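Quick note: the sequence shown uses this note's numbering, first residue 612, plus one each step.
Calculated from the structure, these hints are not laboratory results. Every value quoted in this text rests on a predicted model; they were computed, and no experiment measured them. A couple of the hints might just be wrong.
Listed below are the simulated BS3-like cross-link pairs for lysine-lysine, each with C-alpha atoms no more than 25 Å apart in a straight line [what the hints assert, rightly or not]: (1) Lys791 - Lys728; (2) Lys933 - Lys675; (3) Lys791 - Lys867; (4) Lys791 - Lys866.
FRET-style restraints, in silico, Cβ to Cβ [as the list claims (entries may be wrong)]: (5) Thr919 - Leu679: 44 to 52 Å; (6) Ala651 - Pro747: 34 to 42 Å; (7) Ser751 - Phe726: 33 to 41 Å; (8) Leu775 - Asp622: 48 to 56 Å.
Backbone N, C-alpha and C fix where the C-beta goes; we use that ideal spot for every residue, glycine too.
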Amino acid sequence: MAVNPRQTLIDSLRGREVRLPNLWEYFPGWPAATSKDLPAIRHLVNHHLDTLYTTELLGRKKAKAFQLNDFPLFGAAWWPDAPLDRLLVTTAFFIWIYAWDDELDNAKGDLCGDFDKAQQFRSQTVDFLRDCLDLPPYTSGMPTFPLITLLQPSVRLISEAYSLAQRRRLLDEMLFYIDKTSLEHRLIISNEIPTLDDYWGIRMGTSAIHVTTAMLEYAYGLELSEDIARSSFMRDLFDITNEVISLTNDILSVKKEAADGAVHNALIILFAELGDLDAAVASAMALLRRLTAQFEVVAERLLQSVETMSTAEQQSVRTIIKGCQYQCTGNLAWSLSTPRYGVVQTGEGRLLLQL
């Protein structure tokens, strides 16, 4: 029988401990907050889950897991300064992305093991998303996968608030996300362990962070000029935000990923390359330190690039920068709070993950 390198790697991790430092120390001076509307958003989001994400659609166990993951806190920590109506929409959109991604990742589902069917799922999602954003080419008919249609309420509201340019940018990021899930799916089927560089290129899409940053203008009622929004400086900001959040998530989700038999995780791949778990953790933490420091450099360059623009435009850019920082610290706060990752907090903010 042929040896499965992925399974061998996962087996070598079982029973090990991952000890992490206080991750908040890697975000010195960064803003972190929770929306004052968290109680209201809890009520509204739970109602949203009860009415749209029914047990018939998700299955009782998965529907319960959605409740336990505390998505209201996620939204309240990622977009803490957003007004309640827009906070509800951004949170609902993220919940849909989470559910959509879970359909593809779920090893017990019929999409994970059927690439052709998964591609139909992706294709119908793109068609329906274009319709919701009023961006051609248009299609007729409804998706055959019920979950896809659940994006309509939130995306319609975003579409109504966004200009044509903003809708195109959001679609671009959704297409990037969906395309990278396809590449990841092929890699999973192959049973290959990717190099860190190859994995990182895919992870920048599958994280969906470029989608969440594309929603910042909606969350805070902004409309950046195309000169700013599509500048290399803004792209650098969104890229570094993506890297910070993706790495933080990979570090904290390693227990869950290992339990699921998944190797597409930066910390697991570092372990495969270095052959030592402590060395892999040290390398990941050093990279996170470099990334958060680089964020400050990138943000300053972006601010310098708009120095000659209007006060209002400069303020919008500052709001976007702060919004990116909120997403980074909000991700950390939510990840430490949710039972999803099985993180045990020890003394002085240190963390323990039992694989």
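Here's how the hints hold up against the structure:
1. Lys791 - Lys728: Since the Cα atoms of Lys791 and Lys728 sit roughly 16 Å apart, the hinted pair holds (cutoff 25 Å).
2. Lys933 - Lys675: violated (33 Å)
3. Lys791 - Lys867: holds (21 Å)
4. Lys791 - Lys866: OK: Lys791 and Lys866 at ~23 Å, within 25 Å.
5. Thr919 - Leu679: 44 to 52 Å: For Leu679 against Thr919, whose Cβ atoms are near 50 Å apart, the range 44 to 52 Å holds.
6. Ala651 - Pro747: 34 to 42 Å: holds (37 Å)
7. Ser751 - Phe726: 33 to 41 Å: Violated, since Ser751 and Phe726 (Cβ atoms, about 26 Å apart) do not stay within the stated range.
8. Leu775 - Asp622: 48 to 56 Å: Distance hint for Leu775, Asp622 holds at roughly 52 Å.
Hint violations for this structure: numbers 2 and 7, all remaining hints satisfied.
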